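Visitor: Read off the chains here:
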Amino acid sequence: MSRVVLLTLIALLLSASFPRVSAQDKTALCGKVVDDQSELLVGATVKAYSGKRLVAFGATDAKGAFRLRVAAGIDTVRLTAACLGFAETSRMVCLKGRGTTVDVGTIRLDVASRQLREVVVKAPDVRERGDTTVFRLSAFSGKGDVTLEEGLRKIPGIEIMPGGKINYLGRGISNFYVEGLQLAGSRYSRITRNLPAEYVTDIELIENHQAARIDSGRKSDDVALNIRLNSKVKFRPVGTLSAKGGVRGSDPLYEVAANGMMFASSFQALLTVKAGNIRQMALEEIEPAIGSAASEAEGSLIGDTPPLSRSRYVSPADRLVTADAIKGLGRDATLRANLYYGYSHTAWSYGQQSRLFDNSGRDLLLQENYDPTASVHRAGIDLNFRKDSPKTLISNRLLGQFDFERRNLSPSFTDGSSIFQQSKTRNWKISDELMLDFRTGKRRFMLIANGAYTISPLASLVVGEGSVTEISGCQNASSHRAEADLSSGFSWDLSWCSVIGLPLKVEWINEHVETDWSLRDSRNDLGSNQLELSLSPYYEFTSRDRRFNFRATANVEGLLLHADNNIPGSQADNGSPSVRITDLFLSPELRMKFEPNRKFTFTLGGGHGRKIGDPIEMLSQPVMQSFRSVVARSGLIGRITTTHLAVGARFRNTISLWFADASASLSRQNKDVISTRLIGEGGVSENGLVSMDNSSRRLSLSGSVTKQFREAGIKITLRGSGGWNSAEIVQQEQLVTYRTRMVRINPWITASPWQWVELRIDSDWQKQFSRYLQSRSDNWNWTNSIRLLFFPADGWELSGNLDFVKKGDARINYPDVALLDLGAAWKVGKFRITLNADNLLNRRSWHYTRYDGLDTYDYTFRLLGRTITAGITMTM
Amino acid sequence: MCSKIISLAACALLVSITVQAQVVVKGAAGAPAARASETQTRERVTKEDFTPIDNAGYECVFQWDVVATDKDGRKVPEVYACMLQFGQNGARFTDYRTFQADSAVFAGGDGVGRRALSSARGNAEFQFTGDVIQGYPSGKITYTDIVTPDYLEYTEPLGNIEWQLEEATDTVCGYLCGTATADYGGRRWTAWYAEEIPSVYGPWKFNGLPGLILKVCDSEGVHTMQAISIKRGEVPIVKPHNKMIVTTDRKNFVDSKNRFEKKPFDYISPESITSMDVHSGGQVFINGVPVPKRPNGYTPVELK
Chain R
0 MSRVVLLTLI ALLLSASFPR VSAQDKTALC GKVVDDQSEL LVGATVKAYS GKRLVAFGAT
60 DAKGAFRLRV AAGIDTVRLT AACLGFAETS RMVCLKGRGT TVDVGTIRLD VASRQLREVV
120 VKAPDVRERG DTTVFRLSAF SGKGDVTLEE GLRKIPGIEI MPGGKINYLG RGISNFYVEG
180 LQLAGSRYSR ITRNLPAEYV TDIELIENHQ AARIDSGRKS DDVALNIRLN SKVKFRPVGT
240 LSAKGGVRGS DPLYEVAANG MMFASSFQAL LTVKAGNIRQ MALEEIEPAI GSAASEAEGS
300 LIGDTPPLSR SRYVSPADRL VTADAIKGLG RDATLRANLY YGYSHTAWSY GQQSRLFDNS
360 GRDLLLQENY DPTASVHRAG IDLNFRKDSP KTLISNRLLG QFDFERRNLS PSFTDGSSIF
420 QQSKTRNWKI SDELMLDFRT GKRRFMLIAN GAYTISPLAS LVVGEGSVTE ISGCQNASSH
480 RAEADLSSGF SWDLSWCSVI GLPLKVEWIN EHVETDWSLR DSRNDLGSNQ LELSLSPYYE
540 FTSRDRRFNF RATANVEGLL LHADNNIPGS QADNGSPSVR ITDLFLSPEL RMKFEPNRKF
600 TFTLGGGHGR KIGDPIEMLS QPVMQSFRSV VARSGLIGRI TTTHLAVGAR FRNTISLWFA
660 DASASLSRQN KDVISTRLIG EGGVSENGLV SMDNSSRRLS LSGSVTKQFR EAGIKITLRG
720 SGGWNSAEIV QQEQLVTYRT RMVRINPWIT ASPWQWVELR IDSDWQKQFS RYLQSRSDNW
780 NWTNSIRLLF FPADGWELSG NLDFVKKGDA RINYPDVALL DLGAAWKVGK FRITLNADNL
840 LNRRSWHYTR YDGLDTYDYT FRLLGRTITA GITMTM
Chain W
0 MCSKIISLAA CALLVSITVQ AQVVVKGAAG APAARASETQ TRERVTKEDF TPIDNAGYEC
60 VFQWDVVATD KDGRKVPEVY ACMLQFGQNG ARFTDYRTFQ ADSAVFAGGD GVGRRALSSA
120 RGNAEFQFTG DVIQGYPSGK ITYTDIVTPD YLEYTEPLGN IEWQLEEATD TVCGYLCGTA
180 TADYGGRRWT AWYAEEIPSV YGPWKFNGLP GLILKVCDSE GVHTMQAISI KRGEVPIVKP
240 HNKMIVTTDR KNFVDSKNRF EKKPFDYISP ESITSMDVHS GGQVFINGVP VPKRPNGYTP
300 VELK
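Keeping their order, the protein sequence lines are chains R and W. Residues in the first sequence are numbered consecutively from 0, following numbering that gives the first Met the number 0. Residues in the second sequence are numbered consecutively from 0, following numbering that gives the first Met the number 0.
Source of the hints: derived by calculation from the structure; they are not laboratory data. Just so we're clear, the structure is a prediction, and the values are computed from it rather than from any experiment. The reader is advised that the hints may include incorrect statements.
[Said to hold, decoys possible] Here are the simulated DSS-like cross-link-like pairs (lysine-lysine), alpha carbons at most 30 Å apart as the crow flies:
{"no.": "1", "chain 1": "W", "residue 1": "Lys46", "chain 2": "R", "residue 2": "Lys829"}
{"no.": "2", "chain 1": "W", "residue 1": "Lys46", "chain 2": "W", "residue 2": "Lys262"}
{"no.": "3", "chain 1": "R", "residue 1": "Lys386", "chain 2": "W", "residue 2": "Lys262"}
{"no.": "4", "chain 1": "R", "residue 1": "Lys62", "chain 2": "W", "residue 2": "Lys46"}
{"no.": "5", "chain 1": "R", "residue 1": "Lys164", "chain 2": "R", "residue 2": "Lys441"}
{"no.": "6", "chain 1": "W", "residue 1": "Lys262", "chain 2": "W", "residue 2": "Lys292"}
[Claimed, not checked] For each label pair, taking beta carbons as the anchor points, the in silico distance ranges come out as:
{"no.": "7", "chain 1": "R", "residue 1": "Thr642", "chain 2": "W", "residue 2": "Val66", "range": "21 to 29 Å"}
{"no.": "8", "chain 1": "R", "residue 1": "Trp495", "chain 2": "W", "residue 2": "Val66", "range": "23 to 31 Å"}
{"no.": "9", "chain 1": "W", "residue 1": "Val66", "chain 2": "R", "residue 2": "Gln754", "range": "27 to 35 Å"}
{"no.": "10", "chain 1": "R", "residue 1": "Gly399", "chain 2": "W", "residue 2": "Tyr297", "range": "51 to 59 Å"}
{"no.": "11", "chain 1": "R", "residue 1": "Ile639", "chain 2": "W", "residue 2": "Asp71", "range": "38 to 46 Å"}
{"no.": "12", "chain 1": "W", "residue 1": "Ser137", "chain 2": "R", "residue 2": "Arg68", "range": "41 to 49 Å"}
{"no.": "13", "chain 1": "R", "residue 1": "Ile393", "chain 2": "W", "residue 2": "Lys262", "range": "32 to 40 Å"}
{"no.": "14", "chain 1": "R", "residue 1": "Gly104", "chain 2": "W", "residue 2": "Asn159", "range": "24 to 32 Å"}
{"no.": "15", "chain 1": "W", "residue 1": "Pro269", "chain 2": "R", "residue 2": "Thr642", "range": "52 to 60 Å"}
{"no.": "16", "chain 1": "W", "residue 1": "Glu166", "chain 2": "R", "residue 2": "Ala27", "range": "53 to 61 Å"}
{"no.": "17", "chain 1": "W", "residue 1": "Tyr297", "chain 2": "R", "residue 2": "Tyr538", "range": "31 to 39 Å"}
{"no.": "18", "chain 1": "R", "residue 1": "Met875", "chain 2": "W", "residue 2": "Ser137", "range": "50 to 58 Å"}
[As the list claims (entries may be wrong)] Here are some chain R residues the structure puts well away from chain W; computed CB gaps all over 12 Å:
{"no.": "19", "residue": "Cys82"}
{"no.": "20", "residue": "Glu87"}
{"no.": "21", "residue": "Arg97"}
{"no.": "22", "residue": "Leu240"}
{"no.": "23", "residue": "Ala256"}
{"no.": "24", "residue": "His561"}
{"no.": "25", "residue": "Asn596"}
{"no.": "26", "residue": "Ala648"}
{"no.": "27", "residue": "Leu700"}
{"no.": "28", "residue": "Leu834"}
{"no.": "29", "residue": "Arg843"}
Ideal placement from N, C-alpha and C gives every residue a C-beta, glycine not left out.
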């Protein structure tokens, strides 16, 4: 036992002595570092290497001295000394046999002008800040993306819809800001289509967005987009100038455009001037057309619009001038002005085969060709003063717009005959909205006053046979509408999580519509007054962790409607209809939002509501809408009750760059009037309403998944949607239930695995089904757009685009259509020179089928021929 | 808590009535002049308000990513932008906006632009409130930070982090970097240093490696500081004068800072308040010293 203790003690002693021995075995290297003037250098790094291995390091102290400790067993080290602004020096030092401390003396460093490499590492591609997701645009956009809109298409979760509307995770954005200022209001395509992508650094998507700061912190389902600009384009005027020329067949083509912009901290402006006949550009960048009762009564000779880019079949001649400016006035106030004028003349051509339901057992088949033209002049002004502070919102918005439209939709028939049809409308509208909203403590008060006046002094439709001189029918209409509403309300924060509110709204509408159909001496003179009162108390709850939000609203709506159609006595077959409606109903509404974490959002909403039909239904005397359509309304104003339920889910993972959304909505409408249609000789239809209870149901599903493979430069989006609809109609005096279904799958891929190539694939497959009585038909359509871009050298871009369409149904085998475009671009300095050849194969026709109620329409659109253009763009 | 805020507000109200003339502007007795970098949003700041540390060397912008935990327990990313100026004799690490505001003085600004920059700094969502001078005084680190209503400052020796060199290498900001690990302030850190840049300095208080430290992160991934740009400096490295500084040691500072940031208004004693005002953007100043805005709470760098 004593032996064991002795051995243990020895072992302990030995083990305790080893570290000391080891420490003692280290060799200290010391010395000084001076510059070429023998001045001591502080903070110089001194390193000792054994071979390539760093074995000791240190820095010189305030006296220029250093002391390194090198482990035992190393005989020689390479000692290096370096300091900013001096050349590195090294020397070999032998340690063997020199004791525990080796003084290497003074190391002298010579001044050297060597500079460090100046590098800038890119910022992160995506980052999250609260409800805001920030995408660095250059990390996603490609070399071929010239405008902001093209760059935005590459951002995960974002989709650009036709017309320039931006969707994020399946929802349209509610606001578009440039550096926090809403320069262009709702027509933000003026910015996205005119602002060069190179001006933009970051794209910020703000979820739970509240447009008013007084609402900040409250949940919403809105998403806003804010762009951050490159500092080089701030505080100085910038812009682009471009000119293009070319030919299409024997027609000369041109396009000129100029954009001037200024983005300062409290002032932004954008001026755009464009003119040309290569592509349609005017109407998508300005406000939409004004609706009016006269226009609605007469319908519109628009012709059919297929699911094909208008640039493939429409010959345009457009002019556009827009001016947008926003100025900060003080800390929270802004004044925004948007002015616009657009002119668009378009012409296209198509053949139409209509299969109209006839309960005789044989559908009525009609075949005709159209060469529609449309000319639109539209101008407007939008002035908005807004003071938006956390406790007060004061806003006044003044809008004025006029529309002049002339449309020609003259069919020609297989027997060589033709009919002349031309419509003209003039609409004017002016409105003003004043909003006062302020908060004191837990209480909030709101007052909104809105006034609008719309006048359509003339809407006319001229129908004749053969030519303009053989007018056989002229339908005129005019209308004016004055409306005013006043809303007030208050809300009260019951606690940190609960709010109750009590908005009250009074709305008054006075409308007068006159129609006159000269052929039948059929006139309407409708006057209506509508007073609506609604009280919408709501309760809103937000959980403490802000993950759950719930809002319940109970709209109590009261309506007084008085409408008289003073038909001149001798012409009135069914007297002068007059109606007085007094109605009171309750419309409950529920909305829930649940965000279990930062990746998932779930929404649920539903409600039940009732609407009274439009007083325009009192136009009981026939109104001609086209040579083939006459509407003789029944004088009945129906009641429509709607029950709807909608669920949605969104997912976003900004680390792995997976984005997804899904939504479903179900609605049921019960009506006490039903649409009627009677097709007579030559396909002339008389449309109207009769009193009969009926219902319709609709189910819509949509969803998308996006994955971004950052390293490979690939974005894959798969969007799918489907719809199911069931409704009833009385056609040829028979009640028919019809059902339509639609399935659509839309994959979208962009890939840029190498810097010199980019591939974009946009595919759209859809299938439609139509069912009524014993009739069952369906068709499918598959459109692919494949675009390949090469960047063979710096500044060079070669592109090829192939649009490929396949189509089929049970009746006809349609030929496949392929449209090929080629292009080249060369960017040198501020200039970009382009050469394009569109529809190089000169394909001239495209087929399309549409189901409308019980009727089926087959179209053959005439495509624009081969088009060659060359242009130059200068970006300042 | 609530009563404390009310009493603080009442106190501030009384003070603002009685010493309105003194509020925020350079204080009279009992209200010492505020730090040059902060209060001179309302005064003209000159070069004399700074102590020169070194000539213009290099400027390295760091992105500091913090994974914060908000009051609901959710992980929230925060991004700070900081500037490391380093030269032969010293280095300064501070918030990028602070650097911009101080640089405006040396860039020949008239004070107006600086005022705007200071204001922007105050309204920034995330701001590093510390100011780290390495190599001043010689051989030491001077760390200054806000613990309202004071600025606390302490020094510690330069080079007291015991780094262990590792084999791994990586490229940061275009420079080949070696790696090293060390325990400091209650966290395990990994640093990436570029031997090609002969400087012992680094972000925050990190130093003592044989090359400039270009990236640091802790083992839990809570704090990551990474260089995103390096360029030649244009303004000298300076230390702002601050007459409101209370000198302490590192241990006391860490204790005070972490207690203060947890519940600022519990930490501040009402008696110590001589002025309180709220600037645009909601920035609160007590005795001219800002109360840092922490939308997701405070995520300490040093745990002990």
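Visitor: Okay, which hints does this one fail, numbers in order?
Guide: 1, 2, 3, 5, 7, 12, 16, 19, 20 and 25
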